[in-house]
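There are 2 protein chains.
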Amino acid sequence: MLRYPTTTLQRTFRMTHSTLSEVVKTKFTPAPKLVESDLNPHTLVAKYAVRGTIPTMAEELKATLVSDPDALPFDEIIAANIGNPQQLDQKPITFYRQVLSLVEYPDLLDNEHVSKIFPSDAIDRAREIMSNLKSVGAYSHSKGVRYFRDTVSKYIEDRDGHPSDPEEIYLTAGASTAVNYLLSILTTGPETGFLIPIPQYPLYTAAIALNNATALPYYLNEEDQWSISAAEIEKTIIEAKEKGVIARCIVLINPGNPTGAILTPEAIAEILDVSAKYGLVVIADEVYQENVYTGVFTSVKKVMRDLQELDSEKYKNLQVASLHSTSKGMIGECGQRGGYMEICGFDETVVGQILKLASISLCPPVIGQTLVSLMVNPPNEDHPSHDVFHCEKLGIFNALKERSHKLYTAFNKMEGVSCQEPQGAMYCFPSITLSEKAKACAKEHNLQPDEFYCAKLLKSTGICTVPGSGFGQYPGTWHLRTTFLAPGEEWIDNWAKFHKQFMDEFRD
Amino acid sequence: MLRYPTTTLQRTFRMTHSTLSEVVKTKFTPAPKLVESDLNPHTLVAKYAVRGTIPTMAEELKATLVSDPDALPFDEIIAANIGNPQQLDQKPITFYRQVLSLVEYPDLLDNEHVSKIFPSDAIDRAREIMSNLKSVGAYSHSKGVRYFRDTVSKYIEDRDGHPSDPEEIYLTAGASTAVNYLLSILTTGPETGFLIPIPQYPLYTAAIALNNATALPYYLNEEDQWSISAAEIEKTIIEAKEKGVIARCIVLINPGNPTGAILTPEAIAEILDVSAKYGLVVIADEVYQENVYTGVFTSVKKVMRDLQELDSEKYKNLQVASLHSTSKGMIGECGQRGGYMEICGFDETVVGQILKLASISLCPPVIGQTLVSLMVNPPNEDHPSHDVFHCEKLGIFNALKERSHKLYTAFNKMEGVSCQEPQGAMYCFPSITLSEKAKACAKEHNLQPDEFYCAKLLKSTGICTVPGSGFGQYPGTWHLRTTFLAPGEEWIDNWAKFHKQFMDEFRD
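Chains as they are written, first to last, in full-length UniProt numbering: chain A, 1 to 508; chain B, 1 to 508.
Incorrect hints may have been included.
Identical chains blur together in the list; that is why a pair holds if it fits in one copy or across any two.
[To be verified] Calculated cross-link-like contacts (lysine-lysine; reagent style DSSO-like; alpha-carbon spacing at most 27 angstroms):
(1) LYS235 with LYS27
(2) LYS27 with LYS316
(3) LYS393 with LYS134
(4) LYS116 with LYS91
(5) LYS27 with LYS277
(6) LYS277 with LYS243
(7) LYS439 with LYS413
If you're looking for bench data, these hints aren't it; they were derived computationally from the structure. In this text the structure is predicted, and so the values were computed from the model without any measurement.
Starting from the given sequences, assemble the full structure and let the hints guide the process.
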């Protein structure tokens, strides 16, 4: 009855070896397989520590725990290496998921029982979305569905008090895709320099390596709450030029990853001033813009427009690409791969190239696009979901804020550890003073000192972190990054105990 | 009450211009903006015709129709340029969407009304999925959720009658992501050659350009149902080597895009034989493996294993990466961005590099991963959804098969047009004999002759296609690619009328 080829039908098709016998008759010595050294050298040098040595070690330990739950001195791995809230039991925000559920199966909208299951504003929102696209299963415009981009522009306008053009919004599969497009387009070769903060989120060094560009590190000042110095950046630009590297772009991560620091409007303005002087494209990685526990977030785009109002001539050529994501904030929907990029001030020939790259990837996931639109357009006060929504969001926010405080307090009580207060984001990046004995022992194990500490921590407590060397750090200092997403406090106590033992064991 | 920064709160924060006045005081002439010629030269040369000149023209016409519905000689644009079934009103398969709806909002599984709305097997499947992952909102392993990879391996084993290892399965955001990983890893520079069929799907030439590698075209034989010649491929390899280009990889698209041709097991075996001799990595683009209207699909992996059974020594070093996607077949879920790649026979150092690239992108969309798993594991005969599922799938299959036949018959009745029967995929790729007068007129308009035909077709009928030059074609021949996805037959009749007028207008 079935007239299309099912796997069942295909199984009845068995190629007889005899039909291939003519082919195998030819004689030759087979060529060898490719090995690592045959591959793209730029790929080989790229590193991504967030899923690097320590997390790989954690995976092995996890497998050990599955086969023998009593084999290790802990019951579970605490994945503090990556900002992945829902893996650590953070519950998704109900309103978002209700709407996604409806747009995945829009027949529900006509079901007689739907109002018993879904609140009316989720139903209304799903209807509104479905009136603006054929199906979440259709390719959208490569920039994303226009209706979703409209909601993003509206959000940006409300946030900044400056206009935003939906044609300058590109929806993306998380912020990583946007970074890859921009770095690929801006690189002409090793003579192209990207100014990146140290410490930085290693996606940037990885993408710079993959594109065979040159990283121009600028150090953040740890003692001064990881502050940024426009003077140091200008010095870096000038020194690079002497070595034949032209600074083409500066990456700002605000709130900072891994530092948790928040940039002041004045600091952003100083960086934009340098950018205007040297023609730097500014990549503003603002994925943690809702994770603000102390102080206020100000977008680079807002400061750019403010400066242009003050001096339109001097700042007329500013080029800013701002990134946001559904993976962070209180929404924490990493697996849905949603994000957007707003590109302001670029020449239209450059915009054309960005659009072409987006076209080659066809379109970002439409469910991720939908979620971006929900993130920037939550239920308002008149809507039945409003109270639940805000209660859930506030619950997540308060838990994050509280845990960030506990963790940073715990660090500052540990011997030889100092930690800046995380103003935002999801991470602590404490500095750890390691003894000569610990360093020597690390060397014996062919590990960096901070890697050695993280490996010991993992093997003793199950806590998986990322060594500071994966993010970059001032030479001679040692750090690690940990999220403060894991629930409970027991793991923090265990860490403190481990640390004491470690310090005792390796005291000089 | 709300203690996290909402947009409302942020609006109350208005930076006073005075705080920035110190910054604008510095004096300099601003650097110019970047223009196209400052950008990555490899990006600039990349082309992607499926969303190129003609589709861009169609977008403009669509905007015209919105502002003035009577402005053009047609009512709507028929988007035959891209395989995007659900944009052309193909209804999603219900069972898939029911399960996706449940996993997006798993609270439904505990709702008392759920069984009134969802069939029991959709509920059971959603429960099974949710017992294998924390949330579709969490990052998964960079290769995808292990449970989903298990279902893919099972499908491949059933299809091929050979083992498949879930550790060799990488879930991806559509097949494009897999192509990008592979091409990026395999390229060391312009001395790296990629054998690609001509005509080909332009993602390959685009990715080759972006990676600064060299395309080594091998022509398909149009008269012989677009067949492939191992002898010609070997000749191409040898000639390239003389010019300093080492063939490193061969791309097979089966069923063919844009040709619709299906490779026989013997043809695949001959290509694998050449690949073993020259150490070529084989990229088997098999995204249309379910779109088979005439003949039988055989996977490259199956032929690889068959050959290895016949002569294990000679074929021991074969390296095959097979790609599949949720975007095509009867599922047609392009916007969900699901796909997988099976990599067999690669050295473990190479596998490590592929995994690293996947890690840098964090993970494929988890909803897309879920859909891959549903695609390869449909409801079976004992399940309540079985009949509806197969009825929907068969309806789509029969409609595609019928329309492919009508379209190809219509082409072969048109003056100067010849079209091979599409055995598979979603496209016709007819050859069109264009007059000297038409070619001269195209030149006047600064267009390729086939581009000129497609532009005229679009402006007269609203049918948007892609010129053959976007896919590559034998020099001096002219083609176009059209999907046979658009419903109804009126557009086919309109095309025939347009063609007659075009031929009359440009007769030499």
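Evaluated hints:
no. : hint               : result
1   : LYS235 with LYS27  : between (64 angstroms within a copy, 17 angstroms between copies)
2   : LYS27 with LYS316  : between (68 angstroms within a copy, 14 angstroms between copies)
3   : LYS393 with LYS134 : between (31 angstroms within a copy, 19 angstroms between copies)
4   : LYS116 with LYS91  : both (22 angstroms within a copy, 26 angstroms between copies)
5   : LYS27 with LYS277  : between (66 angstroms within a copy, 9 angstroms between copies)
6   : LYS277 with LYS243 : within (19 angstroms within a copy, 46 angstroms between copies)
7   : LYS439 with LYS413 : within (22 angstroms within a copy, 80 angstroms between copies)
The structure meets every hint from the earlier list without exception.
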